[in-house]
Amino acid sequence: MGIHPKTFRHAFGRFLLYLVLISSAFLMIVPFYWSVATSLKLEQFVFTNPPQWIPNPLTWANYIHVLTRIPFLRYFTNSVIVAVTTTLGHVFFDTLAGYSFAKLKFPYRDQIFFIMLLALMVPFQVNLIPVYKIMASLHWINTYLALIVPNLTSIFGIFLMRQFMMTIPNELLDAARIDGCNEFGVFRKIALPLALPGIATLIIFTFMGTWNDFLWPRIVTNSEKLFTLPVGLSQLQMKNTSNVAQIMAGTVLTALPMIIVFLFMQRQFIEGMTAGALKE
Amino acid sequence: MTAVTLTYRFKRSIQRYSLPYLFIAVPMISLIVFLFIPMLVSLWWSFNEYTGLTAAKFVGLDNYIKLLTDDKIFGRSLLNTTLFVLIGMSIGPTLGLLTALMLNQNVRFRSLFRTAYYLPVMTSLVVVSTIWVMLYNQNGLFNTILENLGFQKVGWLSNPHIALISVAIASIWQGFGFETVVFLAALQSIPRELYEAAMMDGAGGWAQFRHITIPSLRPVIIFVYIIGIIGSYQVFDQVFVMTSGGPVYSTTSIVYYLFGRFMNHKLGYASAIAYILFAILVIFSYLQMRFSREKA
Numbered sequence: 001m002g003i004h005p006k007t008f009r010h011a012f013g014r015f016l017l018y019l020v021l022i023s024s025a026f027l028m029i030v031p032f033y034w035s036v037a038t039s040l041k042l043e044q045f046v047f048t049n050p051p052q053w054i055p056n057p058l059t060w061a062n063y064i065h066v067l068t069r070i071p072f073l074r075y076f077t078n079s080v081i082v083a084v085t086t087t088l089g090h091v092f093f094d095t096l097a098g099y100s101f102a103k104l105k106f107p108y109r110d111q112i113f114f115i116m117l118l119a120l121m122v123p124f125q126v127n128l129i130p131v132y133k134i135m136a137s138l139h140w141i142n143t144y145l146a147l148i149v150p151n152l153t154s155i156f157g158i159f160l161m162r163q164f165m166m167t168i169p170n171e172l173l174d175a176a177r178i179d180g181c182n183e184f185g186v187f188r189k190i191a192l193p194l195a196l197p198g199i200a201t202l203i204i205f206t207f208m209g210t211w212n213d214f215l216w217p218r219i220v221t222n223s224e225k226l227f228t229l230p231v232g233l234s235q236l237q238m239k240n241t242s243n244v245a246q247i248m249a250g251t252v253l254t255a256l257p258m259i260i261v262f263l264f265m266q267r268q269f270i271e272g273m274t275a276g277a278l279k280e
Numbered sequence: 001m002t003a004v005t006l007t008y009r010f011k012r013s014i015q016r017y018s019l020p021y022l023f024i025a026v027p028m029i030s031l032i033v034f035l036f037i038p039m040l041v042s043l044w045w046s047f048n049e050y051t052g053l054t055a056a057k058f059v060g061l062d063n064y065i066k067l068l069t070d071d072k073i074f075g076r077s078l079l080n081t082t083l084f085v086l087i088g089m090s091i092g093p094t095l096g097l098l099t100a101l102m103l104n105q106n107v108r109f110r111s112l113f114r115t116a117y118y119l120p121v122m123t124s125l126v127v128v129s130t131i132w133v134m135l136y137n138q139n140g141l142f143n144t145i146l147e148n149l150g151f152q153k154v155g156w157l158s159n160p161h162i163a164l165i166s167v168a169i170a171s172i173w174q175g176f177g178f179e180t181v182v183f184l185a186a187l188q189s190i191p192r193e194l195y196e197a198a199m200m201d202g203a204g205g206w207a208q209f210r211h212i213t214i215p216s217l218r219p220v221i222i223f224v225y226i227i228g229i230i231g232s233y234q235v236f237d238q239v240f241v242m243t244s245g246g247p248v249y250s251t252t253s254i255v256y257y258l259f260g261r262f263m264n265h266k267l268g269y270a271s272a273i274a275y276i277l278f279a280i281l282v283i284f285s286y287l288q289m290r291f292s293r294e295k296a
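Here the protein sequences come in this chain order: A and B.
Using the numbering used here, you'd call the opening residue of the first sequence number 1 and step up by one each time.
Using the numbering used here, you'd call the opening residue of the second sequence number 1 and step up by one each time.
So that you can see chain A by itself, here it is in the shape it has in the complex (with noise of 0.2 Å):
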């Protein structure tokens, strides 16, 4: 007695599920594990045929060369103070900001809402030459204030914000007004703790937007003192063109950070970034 056909046909077709799905898994990790493993390797084997797909021998050379001879430490250090600052900002500016466009009453508040509704839709390449001559004319090219200052705050942070903050039930909020609480108290003892999934959402965003920018650091700064790791990284590759296994090593360290972050909150970050798709 054979297998039943609708059986076969449904375990035929998970064998092609599984399949499918772990063949593009794989298509997916080749390029970063590729990556890993010529940092690891000396300059000769790089580009071997067959390809050396386990590195012999193993060499952390790379490494000690980019961290000692390139400033990498230096241009890590440069994103962690430029990432953390400028999320701190939006935290801070847009979560206040999100919150009186939600929950307080002034005059022209729809109009001044709509108008930044509109401004979202500006790509920032239309600014980016004006804002280099501010920054220029203030000398703080080169400077970390040109790195943070522009970006402290964004229409789409306020928006994200205010989306959240509207779901806060008035009555709390007239509670803790009853109670004596004057209006920034009222934002930071009752609004802020409610806001905080929205919050995680708004530091994932901004984080990564920050520590992956690439345009504005490159064009802001011309001094390896102030390079951010994705701007260390392409002038890496540009003028080392011929040490591909050195150029992996910038890779790894550039890309490491963020991988670690993103592993450990993997749940906030799926859930932050399909937040904005389906909320419409």
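Check each hint, because a few of them may be wrong.
[As the list claims (entries may be wrong)] Chain A is faced by these chain B residues, among others (derived, beta-carbon under 10 Å): (1) 47; (2) 115; (3) 126.
Worth flagging that the hints you see were computed from the coordinates, not collected in a lab.
The model shown is predicted, which means the values in this text are computed figures rather than measured ones.
Every residue gets a Cβ at the ideal spot worked out from N, C-alpha and C, and that includes glycine.
Following the hints, put chain B in place on chain A, whose structure we already have.
Showing chain B alone in chain A's frame:
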């Protein structure tokens, strides 16, 4: 007594009306200084010949006329960027939907697969591009595999007919995980009862997909395409790292060209390019509003 009440009221109303303005002050100032004023300034510059070093000279619509009728490289960059968008948008979202549909089956290790697809999305484009430059190398992994399978080596980034496609492939690889995650979340929010009712009516898998899945996903599909189109039209990082716009301008994108003009102190010209890009994006944003308002 009345005086006290009045002062109290006065203080309250000051608080009520001025405090919100204080709360939004920093974002508003930032918006005015870094967005509205620069927007107007670059609009003005776009009608000028301006190097940033000497005084601006008003030239009317010359920059736009030159860009749209005379400048072959800009024409090429418009074409390249549009092709890049077309390739990306015809494959990326479809790949995202297919992977989401697979993951929406009752599969084991779903979150592990999802992580794999999503990993490149949160990796910087500079990192992704650097990795792909290595893979695309004349003696890189791709060509080694092709050679061992008996094919000719491909000039992934050196052949002007192929380079743009290569950049697009790397970009699709980087980005489709976003669509996977968004579609998967949307699929999981479709009520089970809809499918159960359809099965009672004898609808097969394909009919269910056509009449339940696709209509339910409609708003998300529109969202994904519009966000994708707007983002892809601004492609820069990949071009900068992988090809520097070459070979022979075959991968020069609008923003890459703008960047080049900016570096060459052609600020008025670069501003006009920015406004043409803006116009393109406005058209797509308008389409999104039209589509999302339409009833399915």
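Here is what the structure says about each hint:
1. With its C-beta approaching chain A no nearer than about 14 Å, residue 47(B) sits outside the 10 Å limit, and its interface hint is violated.
2. A least Cβ separation of about 6 Å between residue 115(B) and chain A falls short of the 10 Å threshold, and the interface hint therefore holds.
3. Taking 10 Å as the C-beta contact cut-off toward chain A, the hint placing residue 126(B) at the interface holds, the least distance being around 4 Å.
Violated hints amount to a single one, hint 1; each of the other numbered hints is respected by the structure.
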